[in-house]
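In the order they appear, the protein sequences are chains A and B.
If you use this note's numbering, the first sequence closes out at 328, no skipped numbers anywhere.
If you use this note's numbering, the second sequence closes out at 1340, no skipped numbers anywhere.
Hints are computed from structural coordinates only; laboratory data are not their basis.
Accuracy of the hints is not assured; some may be wrong.
Computed, partial: chain A to chain B, Cβ under 10 Å [what the hints assert, rightly or not]:
#1 Ser201
#2 Cys208
#3 Val212
#4 Asp224
#5 Pro322
Here a beta-carbon is modelled for each residue, glycine too, at the ideal position from N, C-alpha and C.
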Amino acid sequence: MKFAIFSFAHMHAYSYAQALQHIHDAQLTVVADSHEERGEAAARKFGATYYKDYQDALQYGDFDAVIVCSENVHHAEMVVAAAEAHKHILCEKPLATTIADANAMITACEKNDVKLQTAFPIRFSTPLQYVKKQIDSGSLGRILALTGTNRGQNPGGWFNDMQLSGGGAVLDHTVHVIDIMRWYIGSEIAEVYAEVDRRFSDSPVDDCGLLVMEFCNGVIASHDPSWSRPKTFPTWGDVTLRVTGTDGITLVNAFGQHYTQYDDELNMVRQVPWGDNPDLEMINGFIACITNNSSPLASGTDGMRAMEVALAAYESARIRRPVSLPLS
Amino acid sequence: MKGDVINVKVVVIGAGTMGSVHAEAYASMPGVELRGIVDPRLDVAQSLAEKLGSFSYSTLDSLLMAEDPDVVDVCVPTPFHKEYIVRAAKAGKHIISEKPLDRNLSDAEDSIRVCKEHNVRLFVGQVVRFFPEYRSIRQQIVQGKLGQVGTARTFRGGSFPSGSNDWYANSKLSGTIIVDLLIHDIDFLRWCFGDVERVYAKNLVAERNRLDHAYVSLKFQNGVIAHLEGTWSAPSGFSTAIEVAGDKGLITHNSDGSVPIHSAIRQQRSGVAAVEVPSSPMIHNPYFIELEHFIHCIRTGDVADVEPEDALAALKISLAAVRSAQSGEVVTLSQARGEK
Ligand SMILES: NC(=O)c1ccc[n+]([C@@H]2O[C@H](COP(=O)([O-])OP(=O)(O)OC[C@H]3O[C@@H](n4cnc5c(N)ncnc54)[C@H](O)[C@@H]3O)[C@@H](O)[C@H]2O)c1
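The whole structure should be built from the sequences, with the hints applied where relevant.
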C-alpha cells in the first residue's frame, strides 16, 4: 500500500514515516509540505516524491492512503480534499478544532467511501489493550472511576499559536485519554468541569488543566493534560490510567515498559522504552481496516467525541461551571 | 530531657485503631505518662492498657475521678469528638483530638469556642503535616525550589476502613470520604498554597456498598490548580501519592514506590503462597512526631504547626467539596462562608 504524508508540521509525522519503513507491504511514496525545506528534507530522508502543494500531490502523486500531520486547523481542508480524491485517511489528533470541521471531515469520508481513522496510537498500546480485555472480562467488576494523566512538555512552535493549534495543552493532551476512557467503558461523557490555566510558561495558550467528568452510565473520571513535565523529566511525558472497579483496581502506564539509563555524556537520566511500538501497530491497524474493509478501531467519530470533551473543558473553564455534552 | 521537667499526664479516650496508635506513642514518649485508657468496650481498653502498662476505665468521669491528667486525647469516632472535647475542656484539660475536628462547621466551631472559654489548648491531628516526606516537599515549595507551582495532585486510599460498629460505613457518621480522608490532603495543600478560591467535586458515597471514591478539584487563590483523589474501594492495601509541578521543577512521591524493604516469607506448613510484605521502618512514626509536638506546645505555650483554626479551614473546604458533589455545582469559598 502506498502512502503520502501531508505535512511534517507535527513531529509525529517522523515516527509514522519510520513506522512505515518497518511495514513490509507499505511504502511512503509522497510527501506534501508547504514548508519547502522541511518537506524536501523529509522526502529525501524517506525516499518519497516531494510536492509543495498537497492539491498537486492529490492530482499527480501515486498513493492510496494519506497520513495528515499538518497544524491542527489545516486538518479539515486536507482531509476533505483527500476524501474527495478517494484516498483513505489517517488524521493526526486532535481530529479538528471545531465540531463543524470534524463533521465536515466525517461526512466527506462517508460520502466518498474512504476510511477515516483518528491517530490515537494509545488505543494500539499492548498494555492498554490488555486492560481493555481485563475490563471486558469483568474481572474488575463494575467500573466506578477512571483517573487519567497525559502530561508532557510544551512542544513549542505552532502549538503555541492559537490560530494554528486551536488550543494548548488541554486540546493537545486531553483527546488520547478521553478516547481510551470512552473505549474502555463504552459510554459517552455527560458532563465536564475543568480548571484551565497558564502556569508553566509565557505561552499565549493554556499549558495546564484538570478535568473532572461524569459519564452517562454514572462512572466518574478525571484527567490531567498539563504540559507540566520539567526539562529534566526522564522521558517526554506519560499516559497513565487508574481503573477503579467494584472488584479491583488496575493501574496502567502505557510506557511502563522501560529501563533507566544514567547518561554522563548527555548529563541526564533517561527512561528508555522497550515495549511494543504503538505507532507501528496503529498503522498496521489502519492498513488492515482498508484491506479488510472494516471499521477503524479509532474512527473519525471517536476523534470528534474526544475533541468535543476538550472544547467543553475550555467552555467550562470560561464560564466556571460544569458543561453538558454533547455540545450543541 | 532535663531532669527537672515534670511529666505530662495523658489519658486516651477510645481504644480502637487510632487510640492504640496514640496510646503506644505516649507509652514510649519521654516525659509523658499514659495514665489511662477509656473505652465503653472495657475488654478492648483493658487489653491495650495491660499491654502498655496503663489503666483502663469504662467512662471518662471514672477516669477523671481516679487520675488527674493534664491532657485528654480524643480518639473516638468522629461524631463523639465534640462531646469529649467539651467535657475535657470543662474539666480544664488540654485536648488532643483526632481529625476531622467534626463533621459540620457549627459543632467544630463550638469545640474551638469552648476550649477558648476554658482556657485550654486544642490540637487536631492533621497528621500529614508530620509525615517527613510531606514536610520535606512543603519545604521545597515554600523555599521556591519548584518555581511558580502550576498543578498539584494527590492520591490517598485503599480498602474500606474498619471501625467499631462499622461506623465508617455510615457517611452521616464519617462525614463522607471527603471529610474523613481527603481532609488530610486538603489541609496539607492549604498549608502549602494558602486559601482556596473554588471547589468542584464528584463523590460516589458509602451507600454504594463500601466503594467510596471521590475527586476534588481545588483552585487556590494563588492560582494553583489541585486535583485530589480518594478511594475506599481497593481490594487491599493503603497508599498515598503526591505530585507538585512548577515552572522550575517537579516533585513526585508515591508511598508504594519508596518502600525500602520487600520481604516474602514462606508460610510454614500451611501450603499457602508467600505474601509479600513491604515495610518502611522509622525511628518514630508520624503520629509519635505529631503527638510529641503537641505535648511540647502544651509545655511551652508555643504555637503549634497546626492550630484549631487550620483544622476548621480544612473542614470548610471539605464541606464545600461535599456540597459541590451533592449539588453538581462549583462552590466558591467566599460563598460558602456567606451561606454558613
Ligand atoms: N489521623 C489518621 O490517620 C486517622 C486514621 C484513622 C482514623 N482517624 C480518626 O480517628 C478517630 C477514631 O477512628 P478509629 O478508626 O480509631 O475508630 P475505631 O472505631 O477503630 O475506634 C474508636 C473507639 O472508640 C470507642 N468508642 C466509641 N464510642 C465511644 C464513646 N462514646 N466513648 C468512648 N469511646 C467510644 C470504640 O469502642 C472504639 O474502640 C476518627 O475521628 C477517625 O476519623 C484518623
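Cross-check of the supplied hints:
no., hint, in the structure
1, Ser201, "holds (7 Å)"
2, Cys208, "holds (5 Å)"
3, Val212, "holds (5 Å)"
4, Asp224, "holds (6 Å)"
5, Pro322, "holds (6 Å)"
Hint compliance for this structure: every hint is met.
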